[in-house]
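**Student:** Each chain, letter by letter, is given below.
Protein chains: 6
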Amino acid sequence: MSQKNYTNFRVTIPEPWIAHVEINRPEQLNAIIPDLWLELRTVFDQLSTNPSIRAVVFSGSGERAFSVGIDLKWVSKEGSPFIPRPNEYADPARRAADLRRFGAEFQECITSIEKCQKRAAADFCSAADIRICSKDTIFSVKEVDIGIASDIGILARLPKVVGSYTWVKDVAMTGRNFDADEARREGFVSSVLPTKKDAIAEALRIAKILSEKSPVAVQTVKHFLDHSRDRTVAEGLQYQLAYNTAVVQTNDVPAAIGALVSKKVPTFEKL
Amino acid sequence: MSQKNYTNFRVTIPEPWIAHVEINRPEQLNAIIPDLWLELRTVFDQLSTNPSIRAVVFSGSGERAFSVGIDLKWVSKEGSPFIPRPNEYADPARRAADLRRFGAEFQECITSIEKCQKRAAADFCSAADIRICSKDTIFSVKEVDIGIASDIGILARLPKVVGSYTWVKDVAMTGRNFDADEARREGFVSSVLPTKKDAIAEALRIAKILSEKSPVAVQTVKHFLDHSRDRTVAEGLQYQLAYNTAVVQTNDVPAAIGALVSKKVPTFEKL
Amino acid sequence: MSQKNYTNFRVTIPEPWIAHVEINRPEQLNAIIPDLWLELRTVFDQLSTNPSIRAVVFSGSGERAFSVGIDLKWVSKEGSPFIPRPNEYADPARRAADLRRFGAEFQECITSIEKCQKRAAADFCSAADIRICSKDTIFSVKEVDIGIASDIGILARLPKVVGSYTWVKDVAMTGRNFDADEARREGFVSSVLPTKKDAIAEALRIAKILSEKSPVAVQTVKHFLDHSRDRTVAEGLQYQLAYNTAVVQTNDVPAAIGALVSKKVPTFEKL
Amino acid sequence: MSQKNYTNFRVTIPEPWIAHVEINRPEQLNAIIPDLWLELRTVFDQLSTNPSIRAVVFSGSGERAFSVGIDLKWVSKEGSPFIPRPNEYADPARRAADLRRFGAEFQECITSIEKCQKRAAADFCSAADIRICSKDTIFSVKEVDIGIASDIGILARLPKVVGSYTWVKDVAMTGRNFDADEARREGFVSSVLPTKKDAIAEALRIAKILSEKSPVAVQTVKHFLDHSRDRTVAEGLQYQLAYNTAVVQTNDVPAAIGALVSKKVPTFEKL
Amino acid sequence: MSQKNYTNFRVTIPEPWIAHVEINRPEQLNAIIPDLWLELRTVFDQLSTNPSIRAVVFSGSGERAFSVGIDLKWVSKEGSPFIPRPNEYADPARRAADLRRFGAEFQECITSIEKCQKRAAADFCSAADIRICSKDTIFSVKEVDIGIASDIGILARLPKVVGSYTWVKDVAMTGRNFDADEARREGFVSSVLPTKKDAIAEALRIAKILSEKSPVAVQTVKHFLDHSRDRTVAEGLQYQLAYNTAVVQTNDVPAAIGALVSKKVPTFEKL
Amino acid sequence: MSQKNYTNFRVTIPEPWIAHVEINRPEQLNAIIPDLWLELRTVFDQLSTNPSIRAVVFSGSGERAFSVGIDLKWVSKEGSPFIPRPNEYADPARRAADLRRFGAEFQECITSIEKCQKRAAADFCSAADIRICSKDTIFSVKEVDIGIASDIGILARLPKVVGSYTWVKDVAMTGRNFDADEARREGFVSSVLPTKKDAIAEALRIAKILSEKSPVAVQTVKHFLDHSRDRTVAEGLQYQLAYNTAVVQTNDVPAAIGALVSKKVPTFEKL
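Protein chains in written order, with the numbering used here: chain D, 2 to 272; chain G, 2 to 272; chain P, 2 to 272; chain Y, 2 to 272; chain U, 2 to 272; chain E, 2 to 272.
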């Protein structure tokens, strides 16, 4: 099944309801450049509102890396936001305005993964819903090594996606590598598979489960968890109730209950 | 020692200061019906202000299940909030008003466990203080299978009671089962005992420890943790100080210190 | 290399950029008295703005204990805030005002560790960045045993530094001991070393890594994590962007990138 | 039209959809006693869910006063929470627990006015929706004169219901009286009528207007304003959207639009 | 000076740095239709980042009305979100999803005025910075009359832009009209001019003042006020400091100070 | 009665319990320099905990001005934070660190007025409790004219101390002057007196009233208002209750009630 063409991504539909998004710069080890993250938002925004898609698997292409992260060549080139041309942005407040626009755009692109109404079984960053990886994956929060405290999402989300805050500070402040087993032990990924192929297969298996549930229910669960994680329990409960008063009226509920009682497989309208 | 009679619960006092609350519908595997959760609030509200009770153990009766969760028979009956009678609530806003009242009531009943000023050593849901279980316990967040994103508490609390957010999304979005060992590994329960009998014994052991401490201190610790969990450290510190200015003046402090110094067992007034 | 003299602390500079702070009351097992915590703030405030220091290792002196915690002798003496002299503070509101000033001061002293702009590789309390300990360390949250719910920081931070909330309530409400392995398993410490000597060596090793990075970057990472932990992702992202517009303009970025590309060791100006 | 009997209130139905609640202790100038505020909650909770009531007018009976406030006789009697019996509550923490229960109950009773899903055109306190008064009304925030900072609502709401914060501090810290004209000028009341009779007539006129609108719409407007007042604009917008997805599906919308287009008077189902 | 063509707006540049945006459906009394608000976002987003524009005047075209608000004809047509076609959106949860997308888009469009980095001297809605109007302007919050509680901004912002909360509830719950003088008295507009022409002239006068100041300073003042309005003073101060560390380094500061000292008119780079 | 000597302030005790603080640089029109604001904190911190002081009147000395604001001469001198010496702070991140320390110190000094536990009847800035002024006072928020958005308090507090947000943006973005009558009309001051002498007399009159009340009550009222202003009503109520459980046990309550009943003047212990 074919899809809109992208420059930096390959998007396929391996099974009904499921999209597989691959970063497609294998020769550059899927290094991230501005072009790529702008396209990332387009990819996820379109999948988010596509009623024929219910789950997204997100991975890197090629054998060697999910992504080496931001492209060091681009970062270190004169004219990047980090190495301005001499005499350019002579005024720090105007350079700041530029950095603010640049950063806001980057933040928004990354956040598009989290906001995507389809649930992503992926091995990507802190904005994905469910992270799985292969045994040989190496992770790191490397920005500290180029003199920067990342503001694009990882430092805002990391304290919220794992439990041990001393570990969070250890990896984020030293920039050291950690492997798949450590990632599993600390809760950063929820499962580790022997090979990349196995990891993709496992991601597709989970995606299939998600795609067979009521899309109303799965999408709302995801939204409730993301909303409540950051608020008091009382605020979470009040919002969920407001949201659910419409959602619970869905036909998916009698359909799901009927199927459960009669032990049949339910089918659900597109959303 | 006997207690007020309840329809869906059995409440006993196995030892001084300790109440044992059992859901008492063993033949229905302790399935939850509206009647039961309304009574739940009554049970916990009364224990909360009963000065002779300092700890509550909460479990299911019978051998087979703590609770299978909401009663599927009731949910799927015409006239339940999920399957309204034809032509009933024809107006979505009025049906919404009804759902809002229904949900608010249900939320409040569950929250009564968390608000209970007595600390619950229990194997129940996310609102209990300390969760322990037997080896053969099977857990799940099943609402997604009836087309619903639960708004009664689990999705507001789950991201806050365990560390791994990818695991939270995995179990909440797929609705899959997880066993006692997985629950322990992820921090959802703090201990796993061989049998249900052992779990109850362990719960009573912890309850006994709690009941022998200053009730002022234990109750305040519980309140501070619940308050601070959801707020900034600065807000937490300010509130705790305001609260403690009265509480620290208690006679329990010299009593506890005196006992500690003289290596005797302290006794504390009722609260 | 010598340092300003302190009564209750020993501060040394074992290597350039690194300070080692030791609580220095080994005969009292480093028990905490008012004098000590006032001095603690002075120590950390001075290190925080000292441009020649980039990392702080914090430990107890002597072989036997990091610290037994608050000095029970002082607490139980007539005239302490917990055992007022008879007829003193006859008015509860005025005693409350006194307790408020006492507590605010104590809170502020402890918070000085967290606020310290230098990152502390330490085996201390919940306010340190990275916690490591030796195999034989015994931890506890003991205040409940003197009839008090601590308001100086532990109950505001503990739910945020480890993942399992049932474990948090277990140790904070029962006051029970837990050992190094349990602390590691629950994420309270990030590594356990065989002996105290090894732990200090490991702390110095991490401190050295931190001190060789851009101080602008490391300090900002620490600040972003502490800020975002307590706020919504959206608030965190907005603040980080505002903060970074100045910080990213630092010369440390081209210096770090240049070093990375040329595989040399970068050096960074004092901060 | 008659109503359930109350001890301290008179509740009448002067017109369809409108309830008039009067504090009924004219000889004591409607002074507030514990019994009265407990009954207050009952009154407003019942009106709140009574589908035949769409607006509530709240006033004092008699000619002389809306209410002189808390009954000084009761406050100053031995055994009140403010003048405990000698040797009673000897332990400050246990007296604090008592005060906390007492205050929480009182807060909840007052809040029942604000939570009442029917909109109150009233001349009462800060918790009412719309405040109007007669020319000769005298207001004050008097608690400071009995040595107390009120915690039952006025100090939490006053900074939010008028604009001038210097005025708020002036009246709340000095406890001085202010008259109807000053109340109008500062925005505490929205209109001043010559006599009490006129004020009641005006309140009934507004109540009539409210009762002829869609109850879904009016009730939601009130809820949105109260919710948003205390939160960021972004939070307010997100919540309103979640809430409205059900509410906007109401039949009241086509009914209201149809009436508007055809210039007829719409009628709306009970809510 | 000509500008990009719009269907529903006229955008002119009456003076350097100043844009004048007019809603351009005079025959429909500038009634709002979906097309118009989508275009509104485009207009303001483009002005927001146009370095040649420093202030925006926003008004309605024609003599008769700024805008009558949402187009009643469109609202009441079958197929609008409020009057869905029969059998369309039979599933309330799917209709809710649709309403959510519709509302989010509308909210975002209105918010584009508030987010516009150029300051709007306008007579428009609650999202403008400075509101001025002519003597004969009639205002209202009318949604309640079509059975709806508006979720597009007015109910989230109104409690924050005027002081008297009783007045806010009065106009928002009754939907009654209020005139220019009342708007001025309550603080909803900051000045009232005799005619529409005078109002536009006054708006241009203010716009000119704004356009002659440092664009860095004016833009930051606007952002700080909007950010702090909704947060605690402590949060506001912390954010402002983070933001300003870059902004205060601007060349505009020495330029402005130099001009002030030498009593000359400063000029500032584009931003 | 004499007081500790200050360089930039004159502090007198015109009556028992009342301090009068005057900025004492009349020849420089009380212009603010770094030295002055550091001393400001000292002055208010000492008054805050001085049990013999219950109210503070704060004014400028001399006939001509309360204060012209920040000293333009100092601001425009090379070496000020706004005009760094050439080649100084060559690194923007290090200059930012410096600006952050400078700003944080300045913020803290201004905030010391708000935090002062004594209530200030003053004609100063947004951090005072009660603002009164003489007829000829001219106000402005002038920072925009030196290219700066103030981060020291005014922009964080102004939206919270008056009601009309359009007026706030008008004066803060244009930097225009406004006179005493406008300040009164918008609620920025609560009274306007003919001359400076009258204003001081009025301030002393209010201070006297405050000093004769229970210091426990007045101080708590101030704290509750400042705390609640920035938080939800629910948070405000919960905090006030926690705080009051100690405070209400004060002897000041029976003393005040006794005095009220017997119509005598109460006296209260120092606090």
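Quick caveat, the hints were computed from the structure, so don't treat them as lab data.
Take the hints with a grain of salt, since some may be wrong.
Lysine-lysine pairs mimicking DSBU-like chemistry, simulated, CA-CA at most 35 Å apart [unchecked claim]:
1. K264/U <-> K265/Y
2. K264/U <-> K143/U
3. K116/U <-> K143/E
4. K264/E <-> K265/U
5. K198/Y <-> K209/Y
6. K209/G <-> K78/P
7. K116/Y <-> K143/G
8. K136/G <-> K136/P
9. K264/D <-> K198/G
Listed below are several chain Y residues computed to face chain U (Cβ distance under 8 Å; list not exhaustive) [what the hints assert, rightly or not]:
10. N178
11. T196
12. A218
13. I258
Pair ranges (Cβ atoms, derived) [claimed, not checked]:
14. S263/U <-> E270/E: 40 to 48 Å
15. E16/G <-> I14/P: 37 to 45 Å
16. E79/E <-> P17/P: 46 to 54 Å
17. T13/E <-> S53/U: 32 to 40 Å
18. I210/U <-> N6/P: 53 to 61 Å
19. E79/E <-> K271/U: 46 to 54 Å
20. K265/Y <-> L39/U: 54 to 62 Å
21. N178/P <-> L30/G: 36 to 44 Å
22. N6/U <-> K271/D: 34 to 42 Å
23. S263/U <-> N6/P: 31 to 39 Å
24. A105/U <-> E16/G: 27 to 35 Å
25. K116/P <-> L30/G: 46 to 54 Å
26. I84/P <-> T43/E: 29 to 37 Å
27. N178/P <-> S49/E: 37 to 45 Å
Built from N, CA and C at the ideal position, the CB exists for glycine as well.
**Student:** Do the beta carbons of A105/U and E16/G sit within 27 to 35 Å of each other?
**Tutor:** violated, 56 Å
**Student:** Verify the interface restraint on T196/Y: the C-beta must sit less than 8 Å from at least one C-beta of chain U.
**Tutor:** violated, 20 Å
**Student:** Between I84/P and T43/E, does the C-beta distance stay in 29 to 37 Å?
**Tutor:** holds, 34 Å
**Student:** Let me know if the C-beta of N178/Y comes in closer than 8 Å to any C-beta of chain U, holds or violated.
**Tutor:** Because about 19 Å separates N178/Y from the closest Cβ in chain U, which is outside the 8 Å limit, the hint is violated.
**Student:** In this structure, is the beta-carbon distance linking E79/E and K271/U contained in 46 to 54 Å?
**Tutor:** About 27 Å separates the Cβ atoms of E79/E and K271/U, which means 46 to 54 Å is violated.
**Student:** Does the structure keep K136/G and K136/P at a Cα separation of 35 Å or less?
**Tutor:** holds, 29 Å
**Student:** Next item in the hint list is I258/Y. Is there a CB on chain U closer than 8 Å to its CB?
**Tutor:** Result: holds, 5 Å to nearest chain U Cβ.
**Student:** Is 31 to 39 Å a correct range for the gap between the Cβ atoms of S263/U and N6/P?
**Tutor:** Because 53 Å falls outside the window, the suggested range is violated.
**Student:** Hinted pair, alpha-carbon criterion (35 Å max): K209/G, K78/P. Please report holds or violated.
**Tutor:** holds, 30 Å
**Student:** Quick check: does the Cβ-Cβ distance between K265/Y and L39/U fall within 54 to 62 Å?
**Tutor:** violated, 33 Å
**Student:** Given the hint that K264/U pairs with K265/Y, test it: the Cα-Cα distance must not exceed 35 Å.
**Tutor:** violated, 65 Å
**Student:** Going straight from one Cα to the other, do K264/E and K265/U come out at no more than 35 Å?
**Tutor:** Violated, at roughly 66 Å.
Checked against the numbered hints above, the structure violates hints 1, 2, 4, 10, 11, 14, 15, 16, 17, 19, 20, 23 and 24; every other hint is satisfied.
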